[in-house]
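As you go down the protein sequences, you meet chains A and B in turn.
First residue of the first sequence: 1, per the working numbering; consecutive thereafter.
First residue of the second sequence: 1, per the working numbering; consecutive thereafter.
Don't read these hints as lab results, they were simulated from the structure.
All residues carry an ideal CB built from backbone N, CA and C; glycine is no exception.
Hints are all accurate, no fakes.
Label pairs and their calculated CB-CB ranges:
{"id": "1", "chain 1": "A", "residue 1": "Lys8", "chain 2": "B", "residue 2": "Glu101", "range": "47 to 53 Å"}
{"id": "2", "chain 1": "A", "residue 1": "Asn19", "chain 2": "B", "residue 2": "Ile165", "range": "35 to 41 Å"}
{"id": "3", "chain 1": "A", "residue 1": "Lys38", "chain 2": "B", "residue 2": "Glu136", "range": "19 to 25 Å"}
{"id": "4", "chain 1": "A", "residue 1": "Thr2", "chain 2": "B", "residue 2": "Tyr102", "range": "56 to 62 Å"}
{"id": "5", "chain 1": "A", "residue 1": "Met9", "chain 2": "B", "residue 2": "Ile46", "range": "25 to 31 Å"}
{"id": "6", "chain 1": "A", "residue 1": "Ile6", "chain 2": "B", "residue 2": "Ala195", "range": "35 to 41 Å"}
{"id": "7", "chain 1": "B", "residue 1": "Asp20", "chain 2": "A", "residue 2": "Ile6", "range": "17 to 23 Å"}
{"id": "8", "chain 1": "A", "residue 1": "Arg34", "chain 2": "B", "residue 2": "Arg191", "range": "20 to 26 Å"}
{"id": "9", "chain 1": "B", "residue 1": "Val88", "chain 2": "A", "residue 2": "Lys8", "range": "36 to 42 Å"}
{"id": "10", "chain 1": "B", "residue 1": "Lys133", "chain 2": "A", "residue 2": "Val13", "range": "22 to 28 Å"}
{"id": "11", "chain 1": "B", "residue 1": "Phe187", "chain 2": "A", "residue 2": "Thr2", "range": "49 to 55 Å"}
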Amino acid sequence: MTKQRIAKMIAFVAEKMANKACGTASHYGTYQFREPAKLSKNTK
Amino acid sequence: MEKISQSITDFICRNLNIYDENMAEIYKYGIEITLSSLINLLIIIICSLLMGDPAAGILFMLVFIFLRSYTGGYHAEAYWRCNVTFAVTYILTFAAAKLLEYLNVSSYAEIFIFILAFIPVLKFAPVRNRHKKLTEEKIKQSRKIAFAVYAFFSALSVFLCSIDIRYGYMLLTTVLSVSVLIIVEVFMQHRGYHASD
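Given the sequences, and given the hints that come with them, work out the whole structure.
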């Protein structure tokens, strides 16, 4: 598997997780994440 | 964790020729969330295995994820504090469930605890957070979902306890822990330790 393919897969998962997190009021875990401003604007 | 996320983000950007800073920030956020979720899951698996009850750990995660995603609550500013808080919350929740089981509390007492624990959810959910801006529409939607999830788990808990399935107590104490974490966050914001907006 090429590096490019691995990067593509990680990017896909990361973007999905970021969008999913943006859809809820809070992350269930106890760490204080800082939501990217662009993500907030795009999905709300 | 931040360094690992940044390294993975750099790897993505380098190999996919991404120069957009906003996209890089979204990838980093997604990677951080994924890694943190995996670590939290690992903490609960280890703790529940050590305590000899992995099913209780799974139940805790299920209730915690579904309810806290819509109610919000205490969040630590550092990863190590977050992981310690998460482990301590689980251990206390498990111990409290064992205590209630030992005391064999009645359904009436359970319902009373659920009503009491619902007060912070009703008053503060979703807890405001300066790092996650919510629109009015999102707040209303989250409140509705939080109430529905709360009601479902409460009813399920009372039902399970009534037919002598001890995991009903674990459900009760997990819901209670979410409620306590709401109070902790509201208290910290009130005292100025955390900002609400």
